[in-house]
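Participant: Sequence:
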Amino acid sequence: MLFTSTYLLNPSVIISFFKSLKGKVVIECKGLLSPITLSTFFNGLKYSSFYRFPSLVKLRNVRHFKTFNQEFIEWLRGFVDSEGSFYIEPNNKGRSYRFNFQIVLHVDDIKVLHLIKSNLGIGEVRERGTNVTFTIRTQQDLVILIDIFSKYPLNSKKYLDFSDFKRAFELYTSSYIKSSELILEITRIKDSMNRGRTNFSMPSEHNYRITPYWLLGFVEGDGSFFIRRKNYQLYFSIVQHSRDYELMNKIRDFLYDLPFINKQTMRKSSIRISESPAAVVLPSSPDGGNGYKDPVTYLIIDHTDLIKLVIIPFFSSMTWRSKKLLDFEDFSLVFKLKQQGQHYTHERKNLIDSLIGQMNNNRLSTSGSLPRGDREFLITQAKIILQPPSNYKKEKGPDATRGGWTCFAGKTFIISENKWLTVRKGVFYEIADLNSNVVTTCDSITAVMDFLEVSRYIVLKRLEDGDPILWVKEDRLVTIQPLES
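When we follow the UniProt record's numbering, the leftmost residue of the sequence shown carries the number 1, and every step to the right adds one.
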């Protein structure tokens, strides 16, 4: 035994003993301790008094991320891609730095942050006003967090901030003496992160990895389930800064490759992705009119079959963790009511309006909206209404002409209205330049949007007023004209 009491040996003897074990410890602890932990321990050893060793060795005893639930880790990746922040702040008048990871949510979602804290076993949750914050700030806890996201990389451009955060943390914690050169380098890294970032190119080694629970976590942060009151059109959307356009395409690829989709009848373009300039108004916003200060890319699904066969089954199959589950449940319920034609009767229309009225921001405890009624009562009533019979009767009806359009009743009769449900026959849209040269013909509004890379709002507006629209890709003006088949 080298020693029986810490008072019997000179600290330099103890340090020499530990340094002699360095190679063996690295071999034995490979896979248990991160390079950051080993570097921090051995490089700081020669500067540390013996009483500090327990706090460093404690890092070995923390729960390793391999013991974490895989679904939770994937969900956490997505949620952090949406809501997480890595930042470095100066301390001691700029002579040192503090490293922090943070998630800030509305106080109504405090349970989500306690769930994250409980699963990770690190961090702290604090309430302040209408917000609640989960923070990881200690060196030991940050080592665990960095280990997790090193093995399970983020997908969004937030990956770049994490990489810089990790590099700065390694530099800072592996150097006991905080030289002016070190502080200058940390400052340079800090200033190039987050809002200070100018280079958004992903490194060649980065691969997008979209998984079901990553997508759920991402949607619980940046997804939206919205229903327009005017016609009860349902929208599922995700909005991101335009710099994450590639990620949005990867999400579309993932959704289109789900087994729910029949690729023979469903085009990938039905999952719409568009870019818009600053201050765009999106139908996915809770009040239908929120603006975004930065250029954005948005993914929108409003196709009935996609909502029915993809969105609802996919998200119903997983375990949600935030209050956005309530929006998804109400969204799904209204969709089912609409599928039965229940929105045609006055009483049931009022029920649907009440469900819509309590969704999204209106659901917040801090919302100033009018009382929305008891949700459980509304859901119970809706489920009773969904019991047979439906308000639709399926059979063949006569064709008709409405507003200049040839319509056909198809197979649906609205019982409460005593009339056939009519839809327009095939309509094509011709895109031509200002010299009347036809550029292309599209078979739907969605196809026009995809071709010109503009929003539905712009296409409908130009169809209404007949004004030209800028085809950005070719930098020329074109017009859109409907053609009846």
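Take these hints with a grain of salt, some might be off.
Under the rule of at most 27 Å between Cα atoms (straight-line distance), these lysine-lysine pairs were calculated in the BS3-like manner [claimed, not checked]: (1) Lys263 - Lys338; (2) Lys117 - Lys157; (3) Lys349 - Lys393; (4) Lys166 - Lys250; (5) Lys308 - Lys190; (6) Lys117 - Lys158; (7) Lys323 - Lys338; (8) Lys419 - Lys383; (9) Lys419 - Lys393; (10) Lys461 - Lys230; (11) Lys157 - Lys93; (12) Lys230 - Lys117; (13) Lys93 - Lys111; (14) Lys178 - Lys93; (15) Lys419 - Lys473; (16) Lys336 - Lys393; (17) Lys250 - Lys151; (18) Lys190 - Lys158; (19) Lys419 - Lys461; (20) Lys230 - Lys336; (21) Lys230 - Lys394; (22) Lys166 - Lys178; (23) Lys117 - Lys178; (24) Lys151 - Lys93; (25) Lys178 - Lys250; (26) Lys338 - Lys230; (27) Lys394 - Lys263; (28) Lys268 - Lys336; (29) Lys336 - Lys323; (30) Lys250 - Lys157; (31) Lys323 - Lys157; (32) Lys230 - Lys383; (33) Lys166 - Lys151; (34) Lys349 - Lys268; (35) Lys250 - Lys473; (36) Lys383 - Lys393; (37) Lys383 - Lys323.
Simulated from the structure, these hints should not be mistaken for laboratory data.
Participant: Hints first: check each against the structure and report whether it holds.
Facilitator: Hint by hint, here is what the structure shows:
no., hint, result
1, Lys263 - Lys338, "holds, 25 Å"
2, Lys117 - Lys157, "holds, 24 Å"
3, Lys349 - Lys393, "holds, 19 Å"
4, Lys166 - Lys250, "holds, 26 Å"
5, Lys308 - Lys190, "violated, 45 Å"
6, Lys117 - Lys158, "holds, 21 Å"
7, Lys323 - Lys338, "holds, 24 Å"
8, Lys419 - Lys383, "holds, 25 Å"
9, Lys419 - Lys393, "holds, 10 Å"
10, Lys461 - Lys230, "holds, 17 Å"
11, Lys157 - Lys93, "violated, 30 Å"
12, Lys230 - Lys117, "violated, 42 Å"
13, Lys93 - Lys111, "violated, 36 Å"
14, Lys178 - Lys93, "holds, 14 Å"
15, Lys419 - Lys473, "violated, 45 Å"
16, Lys336 - Lys393, "holds, 15 Å"
17, Lys250 - Lys151, "holds, 20 Å"
18, Lys190 - Lys158, "holds, 14 Å"
19, Lys419 - Lys461, "violated, 31 Å"
20, Lys230 - Lys336, "holds, 17 Å"
21, Lys230 - Lys394, "holds, 25 Å"
22, Lys166 - Lys178, "holds, 17 Å"
23, Lys117 - Lys178, "violated, 31 Å"
24, Lys151 - Lys93, "violated, 35 Å"
25, Lys178 - Lys250, "violated, 42 Å"
26, Lys338 - Lys230, "holds, 13 Å"
27, Lys394 - Lys263, "holds, 26 Å"
28, Lys268 - Lys336, "holds, 24 Å"
29, Lys336 - Lys323, "holds, 21 Å"
30, Lys250 - Lys157, "holds, 13 Å"
31, Lys323 - Lys157, "holds, 26 Å"
32, Lys230 - Lys383, "holds, 23 Å"
33, Lys166 - Lys151, "holds, 13 Å"
34, Lys349 - Lys268, "violated, 33 Å"
35, Lys250 - Lys473, "holds, 21 Å"
36, Lys383 - Lys393, "holds, 19 Å"
37, Lys383 - Lys323, "holds, 21 Å"
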